[in-house]
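Residues per chain are reported as follows:
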Amino acid sequence: MIILNVIRVYAGYFFLIIGSLFLFLGPLGILRFPDVYNRLQAGTKSTTLGAISALFGIGLLEPGWLGKIVILILFILLTNPVSSHAIGRSAYRSKVPLCGKSVVDKCEEEHIYKEAK
Amino acid sequence: MRHIFALIVVGTLGLGLFYTLSHIPFGKGLSEVSKYYVENAIDKNDPHAGATNIVTDIVVLYRGFDTLGEVTVLFLAATGLSVFFFGLKKKEYTCEPSLIVKRGTGIIFPFILLLGVYIFVHGHLTPGGGFPGGVIIATGVLLIYLCCRDYKAPHSLFKVIEGSMGTLFVIVGLIGLIVGGSFLFNFLGAGKTGELVSAGIIPILYIVIGLKVGAELSGLVKDTMEDV
Amino acid sequence: MIDYILIPLVLVMFASAISVIFIKDLIVAVIVTAVVDLITVVLFFFLQAPDVAITQASIVVGLTTFIFVVAIMRTTRKEEE
Amino acid sequence: MIYYIAGGGLFLIGLYILLVNRNLIKMIIGLGFMETGVNIIIIAFGYVKGKTAPILSTKELINNRQVVDPLPQALVLTAIVIGVAVTALALSMVVSYYKKRGSLNLSKNKELKW
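Residue numbers (this note's numbering), protein chains in the order written: chain A, 1 to 117; chain B, 1 to 228; chain C, 1 to 81; chain D, 1 to 114.
Think of the hints as simulated: they come from the structure by calculation, not from any bench.
Be aware that one or more of the hints could be misleading.
Unchecked claim - Derived BS3-like pairs: lysine-lysine, alpha-carbon spacing no greater than 27 Å straight-line:
1. A/Lys95 to A/Lys45
2. C/Lys24 to C/Lys78
3. A/Lys45 to A/Lys101
4. D/Lys108 to C/Lys78
5. D/Lys110 to C/Lys24
6. C/Lys78 to D/Lys99
7. C/Lys24 to D/Lys108
8. A/Lys68 to D/Lys100
9. A/Lys106 to B/Lys152
10. D/Lys51 to B/Lys28
11. D/Lys59 to B/Lys28
12. D/Lys110 to B/Lys35
13. D/Lys59 to D/Lys49
14. A/Lys95 to A/Lys106
15. D/Lys59 to B/Lys35
16. D/Lys99 to C/Lys24
17. A/Lys95 to C/Lys78
18. A/Lys68 to A/Lys101
19. C/Lys78 to D/Lys59
20. B/Lys102 to A/Lys95
21. A/Lys45 to B/Lys35
22. A/Lys45 to A/Lys106
23. A/Lys95 to C/Lys24
24. D/Lys110 to B/Lys28
25. D/Lys100 to D/Lys110
26. B/Lys35 to D/Lys51
27. D/Lys99 to B/Lys152
28. D/Lys100 to C/Lys78
29. D/Lys110 to D/Lys99
30. C/Lys24 to D/Lys59
Same shape as in the complex, but just chain A:
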């Protein structure tokens, strides 16, 4: 029983470290990447994973909070991709240019936003 508790605590610390690492890498990507779409990628994906694993680590350290934390994780999974999708779509519709090194533009290829360009 004690060994199970020790494993739980160390797994909690591990998830916390993973979460804070990804939360650190997200703003770094926002600083380093060239245009809006790449920055959106860095800002959304890394913060989603970072927040989820940090919350899960806290839930492992304090097992009483695990129910609430599952609800929080579901909420983040629901809202974060939707909002970043809305930002990226509106940026494309308002003709924010892609960076010069981009090789593919699927939206233009499939003529989805033909009138926007």
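Fit chains B, C and D to the supplied structure of chain A, relying on the hints for placement.
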């Protein structure tokens, strides 16, 4: 020239502020009035007490008349805003929102309403109250407006809720005047501390305030987002 | 002890507030204002006032920003000299 | 102590924005900063070191009553709501002014000078 003048004014005022604030001790004891509030917070014999949250106790019971005036000021501001915005054309949107945003909003919207209602129903037990709850409900209505261009909010329903809730506030106060001798008297008693149905008229008044503020600000959102 | 942790937060708040003077795009200025108000929410929370923090977070950061954005939509976005 | 500095500094920055800028929306932003700074100072007056928030949720708190001052929090709760009402009304007046003049810049209005 203007910058130099502004810097002189701000610097003088800053020195005065620094001098004054350095003479006020930080983190010392309570004032006399607050001692009365804190010591009589959960007291079975005092009709003015009962809520676990002392701030709610002060806002709704000790200063209930002030809260009535506050609600009135918010109502006047919303009315003034809709008067000034009347007849202005809004911008034409060129595209429809995508499917993902629409479905996501459809899933999220009931939970936003639930959160708002939770915040103002539990106002006497946990932090929160009528005003944040009402604003969160209005935020849900705003989300619906952002994702559906053709949505028309039921404006007459908002008006009916707002007016009837305002009347109900005054009626609760008048019942207190008849029963206990003062406006907004807590005629239901303190009840058992820590339960949902306790603290007398505080939950009733916070539900009234929350619905009124929510309907008011939803009407404001409707006025600003639609062609009037 | 907690006061020293708050010093960088307060410095960020002052920098954002001062940068409102130099920003010419009014939408960006409003977003920076929301950042300043969000930092004050943290200050209220550390001052043991959760009631005020929740009210500030919902009313000032949410509603006021919305009203500012609507007003800028009805007027101009750029600040002219 | 950092709270006094934060509140006072925010008040002074808001006053500076109000004095320097001639754009109406930025002036209203400065007004909001002044209001928020004053709120922080008032809340900081009621803070007592080592005590918790004024919510009597546990048995220990009900017996001891070791809480911070609840009165400034109640006052600031009112002030925030009034502040958003003032801001909304001022912005609607700005929109009305823009409809009449076609500019947000206050120094382009020559009729106020004498």
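Going through the hints against the structure:
1. A/Lys95 to A/Lys45: 23 Å, holds
2. C/Lys24 to C/Lys78: 6 Å, holds
3. A/Lys45 to A/Lys101: Holds - the C-alpha atoms of lysine 101 of chain A and lysine 45 of chain A are around 21 Å apart, at most 27 Å.
4. D/Lys108 to C/Lys78: Holds - the C-alpha atoms of lysine 78 of chain C and lysine 108 of chain D are around 15 Å apart, at most 27 Å.
5. D/Lys110 to C/Lys24: 23 Å, holds
6. C/Lys78 to D/Lys99: Holds, because 16 Å separates the two Cα atoms, which is no more than 27 Å.
7. C/Lys24 to D/Lys108: 17 Å, holds
8. A/Lys68 to D/Lys100: Violated. Lysine 68 of chain A to lysine 100 of chain D sits at ~53 Å, over the 27 Å cutoff.
9. A/Lys106 to B/Lys152: 35 Å, violated
10. D/Lys51 to B/Lys28: With a Cα-Cα distance of about 11 Å, the restraint between lysine 51 of chain D and lysine 28 of chain B holds, given a limit of 27 Å.
11. D/Lys59 to B/Lys28: 24 Å, holds
12. D/Lys110 to B/Lys35: Roughly 56 Å separates the two Cα atoms, so the pair is violated.
13. D/Lys59 to D/Lys49: 21 Å, holds
14. A/Lys95 to A/Lys106: Holds - the C-alpha atoms of lysine 106 of chain A and lysine 95 of chain A are around 15 Å apart, at most 27 Å.
15. D/Lys59 to B/Lys35: Distance ~19 Å between lysine 59 of chain D and lysine 35 of chain B Cα, so the pair holds.
16. D/Lys99 to C/Lys24: 21 Å, holds
17. A/Lys95 to C/Lys78: 19 Å, holds
18. A/Lys68 to A/Lys101: At roughly 44 Å apart (the allowed maximum being 27 Å), lysine 101 of chain A and lysine 68 of chain A break the hint.
19. C/Lys78 to D/Lys59: 57 Å, violated
20. B/Lys102 to A/Lys95: Holds, because 22 Å separates the two Cα atoms, which is no more than 27 Å.
21. A/Lys45 to B/Lys35: This hinted pair is violated, its Cα atoms lying about 50 Å apart.
22. A/Lys45 to A/Lys106: 20 Å, holds
23. A/Lys95 to C/Lys24: 21 Å, holds
24. D/Lys110 to B/Lys28: 53 Å, violated
25. D/Lys100 to D/Lys110: Between lysine 100 of chain D and lysine 110 of chain D the Cα gap is close to 14 Å, so the pair holds against 27 Å.
26. B/Lys35 to D/Lys51: Given that 27 Å is the threshold and the Cα spacing comes to 14 Å, the pair holds.
27. D/Lys99 to B/Lys152: 26 Å, holds
28. D/Lys100 to C/Lys78: Since the Cα atoms of lysine 100 of chain D and lysine 78 of chain C sit roughly 18 Å apart, the hinted pair holds (cutoff 27 Å).
29. D/Lys110 to D/Lys99: 17 Å, holds
30. C/Lys24 to D/Lys59: 55 Å, violated
The structure fails hints 8, 9, 12, 18, 19, 21, 24 and 30 (numbered hints given earlier, in ascending order).
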